[in-house]
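Since the structure of chain X is already known, use the hints to place chain R on it.
One line per chain: the protein sequences are X and R, in this order. All residue numbers for the first sequence refer to our numbering, where the first residue is 1 and numbers rise by one. All residue numbers for the second sequence refer to our numbering, where the first residue is 1 and numbers rise by one.
Warning: the hint list may mix true and false statements.
As the list claims (entries may be wrong) - Here are some of the chain R residues that sit facing chain X, going by a computed Cβ distance under 10 Å: (1) Leu4; (2) Thr9; (3) Arg20; (4) Ile21; (5) His88; (6) Ile95; (7) Ala96; (8) Val98.
It is worth saying that the hints were derived from the structure and are not from the lab. Glycine is no exception: its CB is placed at the ideal position from the N, C-alpha and C atoms.
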Amino acid sequence: MKALSLSELRKVYKNGFKALKGINLDVEEGDFFALLGPNGAGKSTTIGIISSLVTKTSGKVSVFGLDLDRDPDAVKRCIGLVPQEVNFNQFEKARDIVANQAGYYGIRRKQALQRADECLEVLGLGDKRNQTSRMLSGGMKRRLMIARALAHYPRLLILDEPTAGVDIEIRRSMWDYLRRLNQEGTTIILTTHYLEEAENLCRNIAIINHGEIVEHNTMDDLLGKLDNASFILELRKPLATVPVLTGYRLTLIDDHTLAADVPAELGIHGLFDILSQQGIEVVGLRNASNRLEQFFMNLVENDRNDRLPN
Amino acid sequence: MQRLIAFQTILFKEVYRFIRIWPQTLLPPAVNAGLYFLIFGKLIGRRIGDMHGIAYMDYIVPGVILMSVITNAYSNVVASFYSSKFQHYIEEMLIAPVPGWMMLAGYVGGGVVRGLAVGGVVMGISALFTDLKIAHTEVVVLVFLLTATLFSLAGFLNALFANSFDDISIIPNFVLTPLVYLGGVFYSIDLLPGAWKIVSLGNPVLYMISAFRYGFLGVSDVDVGQAVLVIIEFILLLLLWALWLLRRGTGLKT
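Just chain X, with the same shape it has in the complex (with noise of 0.2 Å):
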């Protein structure tokens, strides 16, 4: 079953700015779906129509096979959603922000304060529940936003960049609960400026661009098409000059690193042989940027290029 279908969605604003300009999205139940794209590419008001926050122009939204337009209810309650902007009132108490929210959705005082409760503990903030939202930290408050989200235990969550702002080690700990969420059966939309997180989470992936869906695969599928790769590389003794090699492009950081464009044909391991036989020796390797960052770059670029008058 789709958890998530979109046809033919537009969006024009008063100001003729069009936003959306007929996309077509399909998401799988149980999927955790990446949406990619540049600031201003339509991404969260796509998250707005979806999430009933946007009037659509036109096209047809469904949600676990129910119409938007038909059923509106029924949809709202399959949804959670984590916005971009912290959006709560900063007066209240973490408890009360959790409770009011399953509150708005039918579910009792006491069983609300429950579930708040339920959701508070498993995102760390147990002992902050009583805390108003204004003393919680950046990452707490985003975290605080998930638990809100989930207060209805909703069927599929949108979370629009939930880690923006917030340390390595936290934006760890929300990579795992979230997987875990998505292991038990949530299906789960995200957007991030962190492609390595897209990369890392997602199984597919869609980007938007100027109001338009400009690639929609999965994540291997999309990787898979990169022609090539960007490594640095390590060296144990120190370069004077870039060595000259058939097919790679090399470049000198310092007279330690190496920066290195591989040709998915050629493969790192060609370059390893070659830069053997010259005597050089590498220690470490890394990436030079995420593959998905990577692609991500080369598409927004090759669209740029496009859109310049000849």
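For chain R alone, coordinates are given in the frame of chain X:
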């Protein structure tokens, strides 16, 4: 049932909000009313004497109570609802299966409860200055509830259109306050010259205060039945307008 729980949640949140900040919401009206009763009722009122055969102190009590109800019901809803827009936590309700009419009912309910709470406090303060008697309890209760509902609705509409904190202070300061003060809180329109008396009859607040005063003292500047009808008409007008705007998503959705 689920919708009833959602309504209760909004109402509970709204009531809890103004109780939590009682020094800002319940205390100032008590102090203001005390000063009105002391200065206008006791000190100046002694020189004024009677109005419609009633001691001036007693004459102003219903108006001062209703003035507090009006300003507090209005300010409760306008401040709370605009804050929820400003800090975007209104989205908590917009993404949930909470229809617009229920959101309206929850916020208006909060405004009515605040109006009643403040009205009760001011009534208590008035008891320190005069021996208050109620001539027609049913009229007092009816006008109390209708007036609080009307101004809660007005506050909601103000917040719906507001885009800045200036927008939520313009109407109370430049429209609501003059209407209330010129609505006969401190005087009978019989004291006004002919033309001004007719102009005053165009002020809806006059009908509320007159009807409320009738409930307490048995005297009124206007027909009580007509006054109640005027209030109900305004409620229906604002209610339909608010529901229409909510349906369109005005001020809430892009």
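Now for the hints, and whether the structure bears them out:
1. Leu4: 8 Å, holds
2. Thr9: Holds - the Cβ of Thr9 of chain R comes within 10 Å of chain X, reaching about 3 Å at its closest.
3. Arg20: Holds, because the Cβ-Cβ distance from Arg20 of chain R to chain X comes to roughly 8 Å (cut-off 10 Å).
4. Ile21: Hint on Ile21 of chain R: holds, closest Cβ of chain X at ~8 Å, below 10 Å.
5. His88: 4 Å, holds
6. Ile95: Cβ of Ile95 of chain R sits 5 Å from chain X, so the hint holds.
7. Ala96: 4 Å, holds
8. Val98: Result: holds, 5 Å to nearest chain X Cβ.
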